[in-house]
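One letter stands for each residue in the lines below.
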Amino acid sequence: MTSLVVPGQPLGLASAYIPGPGVHIFNGQIIASLVGQVVTSPQASTTSTSTSTTSSTSTSTSKPTSTTSIPPTISVQKPVLTTDEETNATLLPEVSSTVLCRITRINPRQATASIFIVNNHICGDEFQGVIRVQDVRLTEVDKVKIFNSFRPGDIVRARVISLGDQSNYYLSTASNELGVIMADSEMGDPMYPINWKEMKSSRTGVVEERKVAKPF
Amino acid sequence: MAAKAPDRRRNNPPSHGTTPPVFLSSSSLEAAKPKQSSRPPDEIRKIFLRTGLISSVTGSSFLEIAPLKLSVSVLGPRPLPRTSSTPFAAQAILTTEVKFAPFASTVRRGYLRDSSERDLGSRLYQALVGAIRRELYPKSRIEVVVTILDSEDEGDDVNTVYIEEGKTTVETKFWDAGRSERALGVVLAGCITAASAALADAGIEMFDLVSGGVATSFVDEANSKGKAKGDAVSNKLYVRDPAFAPPEGKTPLATCVLGYMAARDEISELWISGKIGTKNGTTEIDELVDEAIAAARSARGVLNEAAKERVQFIVDKTGTAPPSKGESTDVEMSG
Amino acid sequence: MSILTPQPAGDSLPPPLTFSTSLFRQISPALYLERHLTHSPPTRPNGRSPSQCRDFTLTTNSLSHAHGSAVVRAGDTAVVCGIRGEILTVAPGDDPSRFESYHCPPTSATHACGSRGAGGASWGGLIIPNVELSTGCSKKYPLGPPGGLAQTLSDQLHELVNVTKLVSLDSLRIYDSDDGSGSSLASTKKIKGYWSLYLDVLCISLDGNILDAAWYAIVAALKSSRLPLASWNQTEERIFCQALLNHPISLRQSLPFTTTFALIPLPNSENHRKETAILLNDPDSYEEGEACEILTILCTTEFDPAQGDSPRFPLAGLRTRVEKIEKRGGWNIGLTQIESCLDLATSKAARYFQSLAKEQPAPL
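Residue numbers (our numbering), protein chains in the order written: chain A, 1 to 216; chain Z, 1 to 335; chain E, 1 to 364.
Hints listed in this document are in silico derivations from the structure and should not be mistaken for laboratory results.
Bear in mind that the values here come from a model prediction, so they are computed numbers and not experimental data.
Heads up, the beta-carbon is just placed ideally off N, CA and C, and yes, glycines get one too.
Please note: incorrect hints may appear among the correct ones.
[Unchecked claim] Restraint ranges, calculated between C-beta atoms of paired labels, are given here: (1) E:D343 / A:F147: 48 to 56 Å; (2) A:N107 / E:R351: 48 to 56 Å; (3) A:K145 / Z:T318: 44 to 52 Å; (4) E:V322 / Z:S85: 46 to 54 Å; (5) E:K140 / Z:G110: 21 to 29 Å.
Let the sequences and hints guide you as you build the complete structure.
Structure (structure tokens):
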């Protein structure tokens with residue numbers, strides 16, 4: 001039986017731990033801010049030699065070894081069902097997050113996209129982002145045409161470069177592994193990449209231009 | 001109800017308008033006496049609180065305290081509305097909405113929010129906003145929506161006409177000052193507790209859970225009529241989580257509703273209404289507030305269990321604990 | 001079935017682009033559904049077979065202020081319907097008969113008893129159904145005034161009330177004598193007013209197929225409703241009620257129930273020109289998002305007096321008729337498919353009816 005903590009519950013002295021996700025510090029105490037299970041890592045102090053029994057998970061939180069130079073990190077994790085392991089409804093895009101987004105509209109200056117996956121986690125809502133023309137690729141930036149890089153409906157892997165203004169996150173695809181990963185041709189057939197700037201329809205063989213992500 | 005302009009987005013009644021039924025009672029003595037509860041004054045009613053019943057939102061809860069039934073949804077964090085008027089927000093913007101169902105009270109409520117619903121919404125906002133770690137959710141909004149399905153209020157005697165000796169009177173029997181505040185107070189306390197449970201269920205980080213508490217001070221009817229001073233203080237009866245009907249022979253003086261963070265011993269929202277003396281300094285207020293805090297502490301126990309419910313379910317189901325789990329046994333919860 | 005790879009057919013160099021199931025579900029709902037439904041046997045992502053509907057639960061009269069109420073939960077869709085009667089006083093010189101007919105053809109039901117002005121608003125009849133979705137029931141549905149879906153649903157329910165003539169409107173009359181129980185002398189009594197019924201449906205949790213749940217909640221709530229006995233008071237010249245709630249609303253004998261199906265297109269990869277499709281009973285919102293057609297069948301069910309089964313717990317002895325078939329969008333559903341749906345709809349209606357019969361009527 002594992003015990004769960006609730007927000008507001010004190011977990012230990014602030015001096016004994018480094019606060020991780022899901023906790024905060026108040027009055028010199030580490031306090032849980034989520035409902036979940038307490039996790040400390042590393043398990044016990046790495047330098048401690050005497051307490052090898054701490055691997056049995058029960059004593060480390062209340063009595064961290066004082067000889068440690070680096071205190072363990074304490075955090076509270078909310079467990080999830082394996083079926084929705086990859087959903088995280090409270091996740092928000094951050095700077096340098098890798099996101100998957102669907103292109104919603106394009107104009108010569110930028111492509112607007114709807115972000116729905118952040119760091120391989122499905123977020124609760126779709127967030128709007130833009131890929132400006134200067135952020136599409138690394139080289140020959142002045143030759144980039146949005147129209148030849150993205151089309152509405154494409155699924156794009158991109159990186160958040162700025163939180164942007166109140167409504168848009170600024171995204172970039174200026175890297176080899178970033179760009180279009182799934183796209184349908186004008187006829188509506190799925191296409192597969194043939195090189196870094198072209199994709200080919202599997203049915204008709206028509207080739208269309210895209211800023212293609214390098215397949216892993 | 002006179003026919004106003006029809007709501008273009010809904011089906012409307014006939015253009016004549018309709019009126020709520022008016023009841024006729026041959027004698028006011030016959031009017032149904034409100035039920036007296038056998039509950040001791042320092043005990044709150046049984047709270048039924050469940051979380052995670054709505055699958056398509058981030059967090060949800062359902063609360064039932066005797067007749068009060070309400071459902072809370074937490075949406076978000078979600079993107080800010082795309083209007084140019086919305087400024088960039090470094091912290092999450094919390095919005096709270098409280099809505100009574102049309103059938104939740106004695107008199108049918110319309111679909112448009114009325115002033116008491118707006119008032120409850122803003123009080124709920126005050127109670128919750130300080131508890132949420134909003135700095136973790138920049139550029140987003142968190143929406144708390146409360147739908148009240150059933151509540152305790154004046155009852156049908158509002159619409160009852162009494163005929164005595166051939167004359168009709170519209171005087172109601174159980175009128176007392178602040179009755180609607182008392183009814184709304186119980187609703188607000190329920191909203192606060194249920195909304196905290198839903199926020200915890202959503203996995204939104206908080207400094208502490210907020211539980212709602214409500215208490216009312218009563219004096220003997222005789223005292224209040226004779227305007228007796230002095231003694232009245234000592235005769236006060238404090239009732240936690242008061243039912244709508246006052247105890248036998250008592251008249252309510254003041255009601256206190258608060259949102260309370262038990263682990264930090266902080267009050268996030270305080271609402272006192274009614275007659276409260278200042279003769280003895282602030283002791284009367286203090287006593288009333290302490291009673292409401294005690295009610296909130298009792299609710300906190302239920303809240304803690306409900307907040308854990310879904311997580312516990314997942315832990316039981318998957319049977320997996322995260323690696324290098326530490327058991328914290330030295331924690332002590334107040335409330 | 002944990003890894004689904006959207007692979008191009010044929011050609012060289014298929015990119016080894018793989019997603020886990022839940023990511024794939026987000027990225028390409030159409031393909032995700034198609035992979036499930038072309039499986040053998042076809043299984044929906046929610047684990048049901050195409051013809052399988054969700055289990056539902058019904059609770060009636062759990063609210064203290066409503067004259068009748070029902071809570072219906074089908075899977076993750078949950079609705080609460082509360083019914084309140086209010087009084088419509090007939091002004092002297094008014095012709096009351098206009099309140100008493102459903103005479104309008106179903107398509108113009110909303111034009112019924114009054115002027116639907118240029119703005120689209122209208123004054124309704126005695127029965128006023130409304131659906132509220134702005135309750136935080138789903139993150140997909142915005143808060144605020146009713147959007148397209150809520151307005152459509154309110155209108156659909158209004159039309160269903162009218163087309164099925166669910167409530168016998170003459171039972172809503174309020175007469176000028178103390179005895180309001182509509183005796184044979186009804187014609188000699190003057191009608192002073194009517195009960196006007198507000199059917200308010202609140203969606204608490206939305207996961208597809210709200211129409212069936214809302215309609216079932218309305219039927220069940222109406223069936224469980226008890227209005228106070230109302231009569232005209234000569235001296236006060238107004239309508240008064242008695243405190244006891246003992247005046248049931250009389251409904252039609254055979255109760256109508258709806259069953260909704262969603263048609264999901266399955267692009268056939270071998271022969272792309274020929275599209276096939278599959279019908280899903282009781283779709284959830286994920287499936288509704290990909291549906292190209294929605295089919296709603298209205299069946300009415302009643303006890304068959306010819307087969308004397310116990311009316312309390314009927315197992316057989318039900319007579320079911322199809323009363324209305326409505327299909328929105330597309331042209332893919334063939335007659336054979338509709339026929340198979342009819343069977344499912346009839347059995348669903350029978351289950352609705354049985355579950356309703358088991359609910360205890362409110363004590364008089």
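Within 48 to 56 Å or not, the Cβ separation of D343 of chain E and F147 of chain A?
-> 52 Å, holds
Taking the CB of V322 of chain E and the CB of S85 of chain Z, does the distance hold inside 46 to 54 Å?
-> 52 Å, holds
So does N107 of chain A sit 48 to 56 Å from R351 of chain E, Cβ to Cβ?
-> 53 Å, holds
Determine whether the Cβ-Cβ distance between K140 of chain E and G110 of chain Z falls within the hinted range of 21 to 29 Å.
-> 25 Å, holds
Is 44 to 52 Å a correct range for the gap between the Cβ atoms of K145 of chain A and T318 of chain Z?
-> 49 Å, holds
Against the hints set out earlier in the document, no violation occurs for any number.
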